[in-house]
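J.: Sequence:
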Amino acid sequence: GLVMNRLGMAEGRVRAPHARRSTPRTWRGLERRRVAAVFCGLGQPRGRARPANVLTAASRLTPGAPGYAVELVAVGGGKIVTAGGIELVARRAARNVRGAIDTVLVPGGVGTGDGGRAVVPHLVRLAKRARRVVGVCSGAFILGEAGLLEGRRAATHWAVCDLLAQRHPGCQVDADAIYVRDGRVWTSAGVTAGMDLALALVEADHGAELALEVARWLVLYLRRPGGQSQFSAPLVPVSPQPSMSSGSPP
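Quick note: the sequence shown uses my numbering, first residue 2, plus one each step.
Computed list of lysine to any residue pairs in SDA-like fashion (alpha-carbon distance at most 25 Å, straight line):
| id | residue 1 | residue 2 |
| --- | --- | --- |
| 1 | K129 | A201 |
| 2 | K129 | R92 |
| 3 | K129 | G184 |
| 4 | K129 | G171 |
| 5 | K129 | R93 |
| 6 | K80 | R92 |
Each pair of labels, with its calculated beta carbon distance range:
| id | residue 1 | residue 2 | range |
| --- | --- | --- | --- |
| 7 | R185 | R93 | 16 to 24 Å |
| 8 | G228 | G152 | 17 to 25 Å |
| 9 | G208 | E151 | 25 to 33 Å |
| 10 | S230 | G65 | 40 to 48 Å |
It should be emphasised that the hints constitute simulated quantities derived from the structure, not laboratory data. We treat Cβ as the ideally placed atom computed from N, Cα and C, and that holds for glycine.
Could you put the whole structure together from the sequences, leaning on the hints where they help?
T.: Next up, the structure:
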């Protein structure tokens with residue numbers, strides 16, 4: 002029958018491996034790392050959830066350790082309608098977020114590339130209290146509007162790299178990077194690259210061993226080969242070659 006593995010997913014009779022035998026002493030008594038995911042504009046629900054999925058998996062694979070506490074935040078709180086028509090619920094309005102924050106995460110989406118200006122004042126305030134700020138895909142534009150990319154390197158979706166550079170000339174846009182860390186500001190290329198970035202966050206916070214275990218369970222590269230320029234070029238379909246049996250003529 003079905004069992005639930007440590008990531009909370011149903012699977013067959015093969016059970017997840019046992020949890021880590023011991024919790025590092027430095028983690029004992031610590032609170033979870035607070036992650037405020039600030040949503041603005043429209044976006045694909047899976048794309049928005051991917052970085053959070055990585056952080057949640059890291060928490061489930063380290064029972065007894067602080068892990069991450071991810072909360073959805075929006076300008077007014079309440080329902081968020083994605084581009085696919087799926088509704089998410091932000092349980093907290095951005096103006097009501099108080100206290101220390103470990104990570105402010107700004108996912109990309111339709112509208113963020115155009116500024117998403119309503120959230121910018123809130124992001125400026127939250128960023129001052131956060132240890133680090135993360136922009137995924139076109140979320141980099143919101144970071145730029147908040148002045149967080151000035152004098153820094155950054156990444157974004159390959160299709161809008163030139164636009165980001167035009168709007169924020171004080172930012173050095175790396176058009177080939179899957180993700181970029183410049184001080185406390187992290188940015189990534191489009192959609193799934195946010196998962197690469199999230200794995201890097203886990204590695205920076207908890208070490209390579211946990212990041213590798215999360216990558217294994219989510220079936221991801223720990224470090225993706227190559228940059229995003231390989232995706233920006235038009236892909237040419239390859240026709241399958243006919244197989245030749247030993248008795249067929251050459």
